[in-house]
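Asks: Put together the whole structure using the sequences plus the hints.
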Amino acid sequence: MSNNILEIKNLKTSFRINDDYYAAVDDVSLSVNKNETLAIVGESGSGKSALAFSIMGLHTKAKIDGSIQFKGEDIVHIAAGKLNKLRGNDMAMIFQDPLTALNPLMTVEDQIGEALLLHNRQLSKTKRKERVIHLLNQVGIPRPEYTCEQYPHQLSGGMRQRVMIAIAIANKPELLIADEPTTALDVTIQAQILGLMNDLKEQMNTGVILITHDLGVVAEMADRVAVMYAGQIVEIADVYTLFQKPLHPYTRSLLNSIPAEDSVHDKLHVIQGIVPSLQNLPREGCRFKARIPWISEDAHEENPELHEVTPGHFVRCTCYQQFYFPEEKVEEESSHGTS
Amino acid sequence: MWKFIVRRLLITMPQVVLLSILVFIMAQLMPGDALSGLIDPNIDPSAIEEQREKLGLNDPWYVQYKDWVTSAIQGDLGQSFRFKMPVSELIGQRLVNTFWLSLATLIITYLIAIPLGITSGRYNDTLRDQLINGYTYIGFATPLFIFALVMLWAFGYGLGWFPTGGSVDPGLEPGSFAYIMSKVNHILLPAISMALITTVNTVQYLRSEIIDTKQKDFVITARAKGASESRVYRRHIFRNSLLPIAAYFGFEITGLIGGTVFIETIFSYPGMGLLFMESVLQRDYSVVTSVVLLFGIASILGALLSDIILSLVDPRIRIK
Chain A
1 MSNNILEIKN LKTSFRINDD YYAAVDDVSL SVNKNETLAI VGESGSGKSA
51 LAFSIMGLHT KAKIDGSIQF KGEDIVHIAA GKLNKLRGND MAMIFQDPLT
101 ALNPLMTVED QIGEALLLHN RQLSKTKRKE RVIHLLNQVG IPRPEYTCEQ
151 YPHQLSGGMR QRVMIAIAIA NKPELLIADE PTTALDVTIQ AQILGLMNDL
201 KEQMNTGVIL ITHDLGVVAE MADRVAVMYA GQIVEIADVY TLFQKPLHPY
251 TRSLLNSIPA EDSVHDKLHV IQGIVPSLQN LPREGCRFKA RIPWISEDAH
301 EENPELHEVT PGHFVRCTCY QQFYFPEEKV EEESSHGTS
Chain B
1 MWKFIVRRLL ITMPQVVLLS ILVFIMAQLM PGDALSGLID PNIDPSAIEE
51 QREKLGLNDP WYVQYKDWVT SAIQGDLGQS FRFKMPVSEL IGQRLVNTFW
101 LSLATLIITY LIAIPLGITS GRYNDTLRDQ LINGYTYIGF ATPLFIFALV
151 MLWAFGYGLG WFPTGGSVDP GLEPGSFAYI MSKVNHILLP AISMALITTV
201 NTVQYLRSEI IDTKQKDFVI TARAKGASES RVYRRHIFRN SLLPIAAYFG
251 FEITGLIGGT VFIETIFSYP GMGLLFMESV LQRDYSVVTS VVLLFGIASI
301 LGALLSDIIL SLVDPRIRIK
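Protein chains in written order, with the UniProt record's numbering: chain A, 1 to 339; chain B, 1 to 320.
Hints were generated in silico from the structure; no laboratory data involved.
Check each hint, because a few of them may be wrong.
[Claimed, not checked] Chain A side only, calculated, beta carbon under 7 Å to chain B, not exhaustive:
id: 1; residue: Met56
id: 2; residue: Leu58
id: 3; residue: Asn84
id: 4; residue: Arg87
id: 5; residue: Gly88
id: 6; residue: Met93
id: 7; residue: Thr100
id: 8; residue: Asn103
id: 9; residue: Leu105
id: 10; residue: Ala115
id: 11; residue: Tyr151
id: 12; residue: His153
Positions of the beta carbon are idealized from the N, C-alpha and C atoms, including for glycine.
Replies: Here's what the structure looks like:
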């Protein structure tokens with residue numbers, strides 16, 4: 001399939017803690033197409049960023065198994081020089097916190113210019129400046145000639161994230177990874193940045209991986225959604241299916257945790273417990289089991305696998321078939337009582 | 001930029017005034033005064049009293065302070081009773097020697113610190129780093145005056161590679177090539193001895209700065225742009241790590257002053273430090289106050305210099 005630009009198979013990223021390796025990304029397989037936004041959602045600590053860093057080859061001390069095919073080439077065990085030709089050129093990344101992701105001692109022009117220079121040594125200084133100004137225009141920065149000369153500390157958070165985006169799209173990448181690009185920004189700026197990313201994606205035909213824990217952002221931006229829990233993908237589907245017919249207990253719990261407009265007085269749904277730490281992850285059985293203790297043991301699979309429920313809609317484990325929210329049960333019982 | 005420097009210079013003025021007052025008060029508290037060392041105690045006390053009155057030694061302290069400051073500004077720092085010559089002239093000779101010694105020490109300090117700090121920070125927790133760390137711990141633990149003595153004994157007396165005292169061989173024409181080489185030769189051993197000990201601070205400082213900067217987000221951004229590892233270090237990590245080192249430069253000068261007192265005494269190198277030491281021991285009152293004042297001013301200028309350097313390299317400080 002020529003449309004497919006990234007194909008990840010059985011990716012396992014492990015970190016060393018006290019002489020043992022623990023997988024933060026455990027057996028993840030997914031693919032991204034051109035002009036498609038794949039959202040990856042999950043709580044903090046579910047391995048979303050570890051996955052993104054694995055794709056970009058940014059882990060310095062992790063053990064990575066499995067394969068990542070990018071434009072038909074396996075980039076897991078690629079030589080550093082070759083990887084540097086891809087990074088920033090064919091694939092680029094936008095980071096979570098624009099306040100710290102820019103070098104405080106370099107001007108905006110130098111930082112964007114560096115991305116251009118690294119992949120095009122012939123570019124003259126004046127040509128480079130032209131390109132930088134064009135990019136700043138593209139990301140909607142007013143007065144780009146003036147901003148060029150500025151240092152990051154002179155820019156607002158939203159402006160810095162725009163500069164980050166300009167760096168990322170400098171060489172028209174085919175794959176853009178955005179790791180929670182709007183979490184550090186306030187809401188009005190969030191909408192602008194997301195709109196900008198969508199426009200650029202359409203213009204450049206880029207495949208986008210959007211990492212977020214904001215389901216509102218997912219609904220707005222994504223074509224497909226992968227839900228991650230404890231290093232695994234627990235459900236993957238196109239965005240309409242996922243919001244209308246969520247299956248996995250974790251996905252349903254996440255969606256149920258969004259405050260709804262009409263339920264001002266209701267208590268918010270809270271998922272019991274916390275994401276287990278890397279060392280305490282249950283490596284066998286359904287990883288979400290501990291957080292839905294009211295579901296009977298038999299509902300879970302022994303070795304949960306992804307099942308294709310409808311074409312393109314995958315769910316891990318069988319426990320979704322018997323899942324219900326505890327408060328629903330109470331309501332049902334009480335309604336039985338009154339009738 | 002200029003605004004910043006001018007403003008920073010203005011802050012320096014009250015510092016210098018405060019320093020001069022402190023130095024003056026401390027000098028007043030010392031037993032004896034400018035006269036007591038000069039006169040024969042068998043002279044008639046009333047004559048001494050008359051002389052004191054004439055010299056202004058019976059005036060209130062602020063009048064004396066005013067007199068001292070006005071003449072100091074005009075370059076008159078009084079007379080040294082030991083050398084029987086004006087203090088300003090005496091200091092003039094010694095200052096040049098100390099200046100060259102300090103400059104040589106600074107250069108050697110950074111020549112050692114920068115490569116060692118960079119290696120140690122970049123390859124932290126490897127054998128290389130542990131070796132460098134070992135050296136810095138030994139450096140921290142070794143008192144300068146003992147180390148300098150050992151160096152003098154080994155390279156000066158034992159191996160005879162370097163002269164063991166003075167600042168230049170006698171009988172050479174000032175300004176000739178042999179004269180300059182002799183000067184350099186006299187400076188080298190004390191400068192190396194001092195640099196080897198004082199550099200460990202900077203090595204450790206640079207090491208921890210690099211380890212710190214390595215983990216910053218903008219370094220990941222640089223890698224994500226496709227920068228090679230050597231470029232990431234060159235362009236992003238080192239420059240950001242050198243900032244605090246530049247800030248530390250001024251304190252380095254303050255540290256040097258303390259160091260020169262020991263080093264010049266041990267190597268009998270005729271500079272300000274040795275002059276200070278001798279004058280204290282011999283109660284050469286006007287020389288001591290002048291030297292302390294100059295040391296103080298040098299420290300203040302050191303801090304000023306750090307701030308200016310830092311504002312040149314760090315855009316965040318350049319704001320109006």
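Asks: Given Leu105/A was flagged as interface, is its beta-carbon under 7 Å from a beta-carbon of chain B?
Replies: 6 Å, holds
Asks: Given Leu58/A as an interface hint, is the shortest Cβ-Cβ distance to chain B below 7 Å?
Replies: Holds. Min distance 6 Å.
Asks: A closest beta-carbon separation below 7 Å is what the hint needs, so does Asn103/A meet it against chain B?
Replies: 4 Å, holds
Asks: Grab the minimum C-beta distance from Arg87/A to chain B and call the hint holds if it beats 7 Å, violated otherwise.
Replies: 4 Å, holds
Asks: Is the interface hint satisfied for Thr100/A? The criterion is a beta-carbon contact with chain B at less than 7 Å.
Replies: Holds: closest Cβ of chain B sits about 4 Å from Thr100/A, inside 7 Å.
Asks: For the hint on Gly88/A, does the least C-beta distance to chain B fall short of 7 Å?
Replies: 3 Å, holds
Asks: For the hint on Ala115/A, does the least C-beta distance to chain B fall short of 7 Å?
Replies: 5 Å, holds
Asks: Hold the hint about Asn84/A up to the distance rule: shortest CB distance to chain B must be less than 7 Å.
Replies: 5 Å, holds
Asks: Can the hint on Met56/A be confirmed by a CB-to-CB distance to chain B that is less than 7 Å?
Replies: 6 Å, holds
Asks: Under 7 Å, Cβ to Cβ, is where Met93/A needs to be relative to chain B, so tell me if that hint holds or is violated.
Replies: Check passed: Cβ of Met93/A comes within 5 Å of chain B, closer than 7 Å.
Asks: Does the closest beta carbon of chain B sit nearer than 7 Å to the beta carbon of His153/A?
Replies: 5 Å, holds
Asks: May I ask you to test the interface hint for Tyr151/A with respect to chain B, counting a Cβ-Cβ separation under 7 Å as satisfied?
Replies: 4 Å, holds
Checked against the numbered hints above, the structure violates none of them.
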